[in-house]
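Enquirer: Chain residues, written in single-letter form:
2 protein chains.
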Amino acid sequence: MKKNNGVEILCIGTELLLGDILNTNARWLAKELAAIGLSHYKQTVVGDNCLRIQEAVLQASKRSRVLITTGGLGPTPDDLTTEAISKAFKAPLLERSQIWKEIEEKTSSSTFASPISNRKQALFPLDANIIPNPSGTAPGMIWLPNEDFIIMTFPGVPSELKEMWTQTGLKWLRQNEGTKEALFSRILKVTGIPESLLSEQINDILKTSNPTVAPYANLGEVKLRITAKASSIEQAKNLISPVEEELRKRTGLKCYGADDENLTSVVLDLLRKKQETLAVAESCTGGGIGYTLCSLPGASEVFLGGVIAYSNAIKQKLLGVPSEVIKKHGAVSAEVVKAMARGARKSLGSDWAIAISGLAGPSGGTNTKPVGLVHIAIDGPQGCTTHQERFGYRKGRIEIQQLSVMCGLNQLRLRLLARS
Amino acid sequence: MKKNNGVEILCIGTELLLGDILNTNARWLAKELAAIGLSHYKQTVVGDNCLRIQEAVLQASKRSRVLITTGGLGPTPDDLTTEAISKAFKAPLLERSQIWKEIEEKTSSSTFASPISNRKQALFPLDANIIPNPSGTAPGMIWLPNEDFIIMTFPGVPSELKEMWTQTGLKWLRQNEGTKEALFSRILKVTGIPESLLSEQINDILKTSNPTVAPYANLGEVKLRITAKASSIEQAKNLISPVEEELRKRTGLKCYGADDENLTSVVLDLLRKKQETLAVAESCTGGGIGYTLCSLPGASEVFLGGVIAYSNAIKQKLLGVPSEVIKKHGAVSAEVVKAMARGARKSLGSDWAIAISGLAGPSGGTNTKPVGLVHIAIDGPQGCTTHQERFGYRKGRIEIQQLSVMCGLNQLRLRLLARS
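Here the protein sequences line up with chains A and B, keeping their order.
Taken in order, the first sequence gives residues 1 to 420; the numbers are from the numbering used here.
Taken in order, the second sequence gives residues 1001 to 1420; the numbers are from the numbering used here.
With the rest of the complex left out, here is chain A (with noise of 0.2 Å):
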């Protein structure tokens, strides 16, 4: 095969060959990579092994124009990554004696000298650029080891190589690489409807060239990339908007957002807006909905709190859900959600509520009630309604627990866009 003007990703570490760890690192940088419009073609992973690690480099020298690495920068002898590169293009490593004085002040204490290990994370190429490590003690390198091929290191751990991707690598790139045509991507999240009816309510915009329309399903929700490709990305913005508008008139309020909007940031937008509160009564989700609100920043202005009513006793004591209506219709009911959400706006006195009750299985479910079943309430101004889903008792329990809180934040979402 010929050579080819691409990027390859390499990360090494036994770690990764044993499924000890997830490789998100090379996601994140083909994210990346596909965010500034450079070709990706291929992906590779080794352990921490001299021979392996020099092959694989060798290899991608003869294919591509660039080669990222990650892992096997630190200061133990399993750490070969630097020894690796040097040895497959017969070059030798010298000591840059500021990087060593930088990496002293960064590991020693006023009881302990630097390890002598650490030394040799300031070995490198005579002429290699380095890529400084502002969180960690392994700088990363930029090296044309002749003429057609670049190999950029970076560390292992997931934010010192974002830190350096960021601050250092990606501004080479660009100026360095960077494509003459504009690739721009805009995402949009629909929520409420499987991917082959909403694929096959797009169809025709999915057979488009440019822009291109792609589906990707994800818990719950769908996400649509469209991606164009013109001389500036003012142009491929232009490109993209007429499409985005017909994709958002096809999907109506099913469509929640776009790019770095979900859900839960969406919801928390349209309550501070408003300056409207939320209070959370939750059964089967155990706390999920209060815990997603509270992963962001900010949640704080308009989300008060909430009662985890995992047993029924405190379903009627905290949140004063009648005995008999539990009796009657038993927990996971529209009556019950009903009682739970007007229960806890009343208790915590917000002005909106989410309620939520199901079985999250595996066991309980009934032939009537089977496993997946979720009710949803949600209280507001304008009074209180319910919703139910089925989400099917193959989803397991973590996904029907995802599902159910993704699914409460949505109605909420259409009570609140319903009143605007």
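Simulated from the structure, these hints should not be mistaken for lab results.
A couple of the hints might just be wrong.
In silico DSS-like links for lysine-lysine, alpha-carbon gap of 27 Å or less [to be verified]: (1) A/K31 / B/K1395; (2) B/K1317 / A/K274; (3) B/K1003 / A/K90; (4) A/K327 / B/K1346.
Chain A is already provided as a structure; the job is to place chain B on it using the hints.
Expert: Chain B alone, transformed into the frame defined by chain A:
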């Protein structure tokens, strides 16, 4: 490099190269291979491109004995795995009438005939063995294009891959490629000590060669993987036993469990054994402890529920924290979490209560109360104890919340153990 006896994994899918999805299949397969003691030296990812798949397959055939592929078995034009493999080894594809019949049964309905596009999923090399797909339309194959190379193909859908691997692929490999040496691993889980400090304390054990001991740091815990090689699983276990004992002795109560146990399951088990119940009072974690507990089946036997007291008003109203205590000490203080834990235990009528209040950031920190400061209280039969952690502002909001959840569960665990 000379050919090895190991297994490679090749994941096929442009969505992986675009960073749209995480490669969970590679990790899952890697774990499976490690569990049966098969060597695994390399993972590769390529897109839906026939030439690149061919190249990757041929290179693997020169390097390794077994290649496992995932993805590219679907009915659409970008599903190219079987075609590329057949081209790589110049073997024609033939339709298997029985397979096509099965696919027809799966895809046809009363209104529609089977899509013709599915027909290509019945094409295989003449001498390939089929890996049946009980849930989907894409069967895989086990094929030996030449005598020292084995290809096994699986779909990219994780649930189908797992089912087909377990029912067919794994069994075949065990029978045909099983190692004579047995490999056995045990993972000890340690919390409340940083990886570097733990490594120093067990430095001598980390140097042993059979069994080997390798530490892996995770969020808030360190896993110690002990792996032994022997002529039988029983003998491998015998090698592990004294090392495990020594590690448990050195880590003491910090070692909370092994293998599939996690902090949540351990805490629920301890409560179940004592037949005691638990309530939570959560501020900065917003329901995270409750959500974590409820993720495990059977949590309802001991977990009653709790109060998400995100706002100070809720801390007073639902947990009875006196307003003067909040005024005097601030919401993030030992005094307030004490009152929260006592309030939750009383109000929910549980044997135990965990209360948590902290600064998850990114804003709101001060010199005396920086972001990352978290107070935890455990109220129980022998009174109320408090604990304080400083996770550091660098950790980020979500990580601080997750560490807080783990720390709260661990504090309860220590109290439960102290009493037994």
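Enquirer: For every hint, state whether the structure bears it out.
Expert: Hint by hint, here is what the structure shows:
1. About 23 Å separates the Cα atoms of A/K31 and B/K1395, which keeps this hinted pair within 27 Å; it holds.
2. Using a Cα cut-off of 27 Å, the hinted pair B/K1317 and A/K274 holds, with the two alpha carbons roughly 25 Å apart.
3. With a C-alpha separation of about 24 Å, the suggested pairing of B/K1003 with A/K90 holds against the 27 Å cut-off.
4. In summary, the hint linking A/K327 to B/K1346 is supported, as the alpha carbons are separated by about 25 Å, within the 27 Å threshold.
In this structure, every one of the numbered hints holds.
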